[in-house]
Amino acid sequence: MLQDENPFVDGLTIYKTDGQHGSNALYADKVMGDILGDACGLVFTHPAEKTLYIAGDTVWVKPYVRALQRFQPQVVVMNIGNATNDLYGPIIMGKEDTQRTLNILPDATLVASHMEAINHCLLTRAELRAWTTEQGIADQVLIPEDGETMTF
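So in the UniProt record's numbering, spot 124 of the sequence shown is number 124, and the numbers just go up one at a time.
Everything labelled a hint here was simulated from the structure, so no lab data went into it. No experiment lies behind these values; they were computed from the predicted model shown. Mixed in with the good hints, there may be bad ones.
[What the hints assert, rightly or not] Pairs of lysine-lysine, DSS-like flavour, derived with a Cα cap of 25 angstroms:
| # | residue 1 | residue 2 |
| --- | --- | --- |
| 1 | Lys-30 | Lys-62 |
| 2 | Lys-62 | Lys-16 |
| 3 | Lys-62 | Lys-95 |
| 4 | Lys-50 | Lys-16 |
| 5 | Lys-30 | Lys-95 |
[To be verified] Okay, the calculated beta carbon distance ranges per label pair:
| # | residue 1 | residue 2 | range |
| --- | --- | --- | --- |
| 6 | Asp-29 | Leu-122 | 19 to 29 angstroms |
| 7 | Ala-130 | Gln-3 | 35 to 45 angstroms |
| 8 | Ala-28 | Gly-147 | 29 to 39 angstroms |
| 9 | Thr-151 | Lys-16 | 19 to 29 angstroms |
| 10 | Gln-99 | Asn-24 | 34 to 44 angstroms |
| 11 | Gly-11 | Asp-86 | 24 to 34 angstroms |
We treat Cβ as the ideally placed atom computed from N, Cα and C, and that holds for glycine.
Can you build the whole structure from these sequences, using the hints too?
Put into structure tokens, the structure is as follows:
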């Protein structure tokens, strides 16, 4: 089980971060809260590499913001498909959260993931591409195809 800080070999350290897989109202519903469970992200640091933050299944919450501020990652993988519960709203981030993340980390590269994967992911790649172009952030928000590999 991962602890808050996990040193590995050759200078690699993995940090566990907190998240929240839906709204406070969703977690007040014991059945839904139990179904979605705890959420976490992972930050990978190494002296010779860019810091990578895989945010995981989370909505925009204070622990996410604190992780951005603490680790200052150069690359952030965001589950951004705007997966939505009919009763309680989003259970992961949506397109606006890319801009919010870049407001905190203006030089970061974001990788959009978890889109078009399941029926309650409402945000499509095409919609995200159009939106990031409108916002002038398309060069910082990478939208990989299924199975595509990225190197940083």
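Each hint tested on the structure:
no., hint, result
1, Lys-30 to Lys-62, "holds (22 angstroms)"
2, Lys-62 to Lys-16, "holds (15 angstroms)"
3, Lys-62 to Lys-95, "holds (18 angstroms)"
4, Lys-50 to Lys-16, "holds (17 angstroms)"
5, Lys-30 to Lys-95, "violated (28 angstroms)"
6, Asp-29 to Leu-122: 19 to 29 angstroms, "holds (21 angstroms)"
7, Ala-130 to Gln-3: 35 to 45 angstroms, "holds (41 angstroms)"
8, Ala-28 to Gly-147: 29 to 39 angstroms, "holds (38 angstroms)"
9, Thr-151 to Lys-16: 19 to 29 angstroms, "holds (24 angstroms)"
10, Gln-99 to Asn-24: 34 to 44 angstroms, "violated (23 angstroms)"
11, Gly-11 to Asp-86: 24 to 34 angstroms, "violated (46 angstroms)"
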